[in-house]
Amino acid sequence: MNIENLQVKAEVIKAIRAWFDNQGFIEMHTPRMVALPGQEPYLEPCWLDVKRQTSNVKCRVALVTSPEYAMKKLLGAGLDKIYDLGPCFRDNEPWDGSHDPEFLMLEWYRRNAGVNELMDDVLNLLTFVISKQRNSKFEIRNSIKKMTVEEVWRVYAGVELAPLLENREAMAKLASEKFGQTVTDQDDWDDIYYKIFLSEIEPKIEAGEPMFLYRYPASMAALARKSEDDSRWADRVEFYAGGLELANGFAELSDPVEQRKRFEEEQNLRRRSGKEVWSIDEELLNALPKMGNAAGIAFGVDRLVMLVTGAKSINDVIPFSARDRLGKN
Amino acid sequence: MGSPNDIKKGAVIIKDGEPWIVTSFQHVNPGKGAAFVRTRIKNAKTGKTLEQTYKTSETLTFAEIEYRNMSYLYHDNTGYVFMDNKNYEQVSMSDEDMGDDAKYLKDGIEVLVSMYQGNAIAVQVPKKMKFTIVETAPAVKGDTASGNVTKEAKTDTGFMVQVPIFLNQGDEVIVNTETGEYVERAK
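Chains A and B, in that order, are what the protein sequence lines are. Going by my numbering, the first sequence opens with residue 1, and the numbers climb by one from there. Going by my numbering, the second sequence opens with residue 1001, and the numbers climb by one from there.
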């Protein structure tokens, strides 16, 4: 634990709230305990039992992995520009230098916006937050580099990804023959994508200057709108800086029929890998058409504080990290 | 059979019938994607290196490794030399294979050496080790309320570590060699 870093963290949070207030966003305090958490196939919620004093029936509730569903319902209820800043919880995380099972997440949403507006927001927010710190170890110089997924594959791996989209066999051949990766029958297109991306491309992104990576293969963006000019791609953006992945945003899908289909695919994927499955959140589906063309992004505040303070580990910017308080043995 | 979650430095993975030594690894959870382990592996026969990424749900085959307690002797042109505490046999690890952990090596320190087919392929230093501070700014006294404020200190093997400001040159500290972080003042 490092008291100085915690003082910087408080200043960073103050600046974040000030920026959103200046921009006319309203802060929402969405529930942490929910009955139907996000169903992403690779995120595991933490579950607990709660009961009413007058009842013997225990309700099983999950701690949110992100405030996304509640925020979308609030957009559907008529709000335009909202943000949420609070802890989120994820089970089965590595507890290493960049993951804590309880972390501070900032999420914001705008109606009538897409990934370009999200990238502008990140740039303006960071410029403001850094300007309020006395000794920030992290700097942004007027702009942030932007590259599409197609461009990073071309530049860093020498691969044209577009012809390989949705072609598992061609991806498997590329992975094993060009990059020496081991591909198994259980690997789907996304898995093979990540085997190449994580070995060949991401280390080069992380070693470089801060960067937005956007326009993802459609299969990797279950909650995003497909790109208008080519439905094989989707409007998703990630922000990388200082060797860390800081933010993940989408032009949010508002078609409830398509969203139901994707939720069902995610449920099937969970079932196939032996994971628990729960009901689709019907209130969320009802809210989607009322949300309009919104965009939203989740931003890891602890990781931002790591960059600002120069801390090498997330454990140095959290008062009592899980590794220290829960992981003694 | 094993899981990518069991990957550690010095483990030997059998891939296409060939033994590959894990030289570095990192768990990665790409945004909402499956969990992966990113590794750098080195062919035990040819020395060829590869970047490999495994999904944690995959099954891997690990080769049998013999672990032996040895003591660090000295550094020479073959690299870092260690001696088996039972039979006095000596092995050496190249500078490259020893990597960043070399900074923790002190005369006589006991380490765990991974042996594969008679060759030393990896060295594990103790998780917690004692070092003496040889250089740091003077201690600040009477400031116990902010006992968590840190400063940079140089250790007797020459690496830098962040320590609480109340420590002085000559003090002994315990360092976690996995994270490179200060743990506590040595008793």
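Incorrect hints may appear among the rest.
Each pair of labels, with its calculated beta carbon distance range [said to hold, decoys possible]:
#, chain 1, residue 1, chain 2, residue 2, range
1, A, R272, B, D1171, 21 to 27 Å
2, B, K1127, A, I280, 43 to 49 Å
3, B, A1139, A, V57, 57 to 63 Å
4, A, T184, B, A1139, 32 to 38 Å
5, B, R1185, A, A77, 22 to 28 Å
6, B, Y1074, A, S143, 35 to 41 Å
7, B, I1174, A, P319, 47 to 53 Å
8, B, S1003, A, R272, 16 to 22 Å
9, B, A1137, A, A77, 21 to 27 Å
Listed next, the stretches of chain B that the computed footprint assigns to chain A, with coverage defined by at least 3 CB atoms under 8 Å from CB atoms of chain A [what the hints assert, rightly or not]:
#, region
10, 1034-1045
11, 1055-1066
12, 1091-1097
Derived from the structure by calculation, the hints contain no laboratory data. Where a beta carbon is used, it is the ideal one built from N, C-alpha and C, also for glycine.
Problem set entry | Distance restraint evaluation - A1137 (chain B), A77 (chain A), Cβ atoms, bounds 21 to 27 Å | Because 56 Å falls outside the window, the suggested range is violated.
Problem set entry | Range agreement (Cβ of R272 (chain A) with Cβ of S1003 (chain B), hint 16 to 22 Å) | holds, 18 Å
Exercise. Does the region 1034-1045 of chain B contain three or more residues whose Cβ lies closer than 8 Å to a Cβ of chain A?
Worked result: Coverage by chain A holds for the region 1034-1045 of chain B (4 residues, Cβ < 8 Å).
For this session: Could you see if the CB distance from K1127 (chain B) to I280 (chain A) stays within 43 to 49 Å?
Result: Roughly 46 Å apart at Cβ, these two residues keep to the hinted range, so it holds.
For this session: Look at the Cβ atoms of A1139 (chain B) and V57 (chain A) and judge whether their distance stays inside 57 to 63 Å.
Result: With a Cβ separation near 59 Å, A1139 (chain B) and V57 (chain A) satisfy 57 to 63 Å, so the hint holds.
Exercise. Is it true that Y1074 (chain B) and S143 (chain A) lie within 35 to 41 Å of each other by Cβ?
Worked result: Cβ of Y1074 (chain B) to Cβ of S143 (chain A): about 53 Å, so the range 35 to 41 Å is violated.
For this session: Can you let me know if the beta-carbon spacing of R1185 (chain B) and A77 (chain A) is within 22 to 28 Å?
Result: At roughly 56 Å between Cβ atoms, A77 (chain A) and R1185 (chain B) fall outside 22 to 28 Å, so the hint is violated.
Problem set entry | Supplied distance hint 47 to 53 Å, evaluated on CB atoms of I1174 (chain B) and P319 (chain A) | The hint (47 to 53 Å, Cβ to Cβ) is violated, given that I1174 (chain B) and P319 (chain A) are roughly 22 Å apart.
For this session: With 32 to 38 Å as the target window, see if T184 (chain A) and A1139 (chain B) comply at their CB atoms.
Result: violated, 56 Å
For this session: Confirm or reject the coverage of the region 1055-1066 of chain B by chain A under the rule of 3 or more residues with a beta carbon closer than 8 Å to the chain's beta carbons.
Result: holds (count 3)
Exercise. CB of R272 (chain A) to CB of D1171 (chain B), is that within 21 to 27 Å?
Worked result: With Cβ atoms ~56 Å apart, the hint is violated.
Exercise. Are at least 3 residues of the region 1091-1097 of chain B within less than 8 Å of chain A when you compare beta carbons?
Worked result: violated (count 0)
The structure shown violates the earlier hints numbered 1, 4, 5, 6, 7, 9 and 12.
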